[in-house]
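Engineer: Sequence:
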Amino acid sequence: MPKFLTTPEGRKIAYHLTDGTGPAIIFLGGFKSDMGGTKAVFLENWARGQGRAFLRFDYSGHGDSSGAFTDGAIGDWLRDAQAAIGLVAGPVVLVGSSMGGWISLLLARAMPDRVAGLVTIAAAPDFTEDSMWAGASDAQRAALMTDGQIALPSDYGDPYIITRRLIEDGRDHLVLRDPLPLPFPVRFLQGTADKDVDMAVALRLLDHAQGADMRLTLVDGADHRFSDDSCLALIADTITDVIARR
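Mapping the sequence shown onto numbering that gives the first Met the number 0, position 128 (from 1) lands on 127, and the numbers just tick up by one.
If you are wondering where the hints come from, they were derived from the structure by calculation, not from laboratory data. Bear in mind the structure is a predicted one, so any value in this text is a computation, not a measurement. The beta-carbon is built from N, C-alpha and C at its ideal position, and this holds for glycine as well. Worth double-checking, as some hints may not be accurate.
[To be verified] Once the Cα atoms are required to be at most 30 angstroms apart in a straight line, the calculated BS3-like pairs of lysine-lysine come out as: (1) Lys-31 <-> Lys-2; (2) Lys-11 <-> Lys-31; (3) Lys-2 <-> Lys-194.
[As the list claims (entries may be wrong)] Listed next, with one range per pair, are the computed distances between beta-carbon atoms: (4) Arg-140 <-> Ala-109: 21 to 31 angstroms; (5) Ser-229 <-> Ala-199: 32 to 42 angstroms; (6) Thr-239 <-> Ala-199: 23 to 33 angstroms; (7) Arg-140 <-> Thr-69: 10 to 20 angstroms; (8) Ala-67 <-> Asp-212: 18 to 28 angstroms; (9) Tyr-155 <-> Leu-231: 30 to 40 angstroms; (10) Tyr-155 <-> Gly-220: 36 to 46 angstroms; (11) Ala-67 <-> Pro-90: 19 to 29 angstroms; (12) Pro-111 <-> Ser-136: 31 to 41 angstroms.
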């Protein structure tokens, strides 16, 4: 059973915290994902075997946390993550998957003194603007502004309900338009067969961010889930490398 924390905004965030040595590894999941996903559970078990502290949690409106998904936005989920990180002391290594990659970059910008390293997996920075809004038709944009939400098809089940607030709040949290210093070891992981986040996004992120120790690894044939045995092993090895180089 998860434990719960209450954020300053009053949201109840479900989490699992494994005690161990630092820096603690913080897993940040994706859009409409929960902390019971393959990568999060694998990394928890791996971290436990390493004797290392590990935290996974559900953003509000996701998994076991309080709230409705359609009420949330990037800024809310960023503040949820900040509250969750408050559960651990000292430096942390952020591991952000998809939207969690965007959240991890926001965290790195907001609390650089806490971040010892960063690993992203199919990071999707600024996707509300560069994918959802940019890919919407004129009719969809008009409906979004008039009705407050639209439904977009999803390969992962029910359609995504996209709200006007999600789009407008996303514009307040973009990371690819302003300087993005990452003064710690950074590893970006990206599959070449990812249909949700194009390789161009990873290349743009690598080009845009500023840091002395940044690398992008492309995995031939890996999809957005990035969850087969070889990909999971690569994530673990990459975290090990980041910790060793911090």
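Engineer: All the hints need checking, so say for each whether the structure fits it.
Structural biologist: Here's how the hints hold up against the structure:
no.	hint	result
1	Lys-31 <-> Lys-2	20 angstroms, holds
2	Lys-11 <-> Lys-31	17 angstroms, holds
3	Lys-2 <-> Lys-194	34 angstroms, violated
4	Arg-140 <-> Ala-109: 21 to 31 angstroms	30 angstroms, holds
5	Ser-229 <-> Ala-199: 32 to 42 angstroms	23 angstroms, violated
6	Thr-239 <-> Ala-199: 23 to 33 angstroms	28 angstroms, holds
7	Arg-140 <-> Thr-69: 10 to 20 angstroms	18 angstroms, holds
8	Ala-67 <-> Asp-212: 18 to 28 angstroms	40 angstroms, violated
9	Tyr-155 <-> Leu-231: 30 to 40 angstroms	19 angstroms, violated
10	Tyr-155 <-> Gly-220: 36 to 46 angstroms	20 angstroms, violated
11	Ala-67 <-> Pro-90: 19 to 29 angstroms	34 angstroms, violated
12	Pro-111 <-> Ser-136: 31 to 41 angstroms	39 angstroms, holds
Taken one by one, the earlier hints fail for this structure at numbers 3, 5, 8, 9, 10, 11, listed in ascending order.
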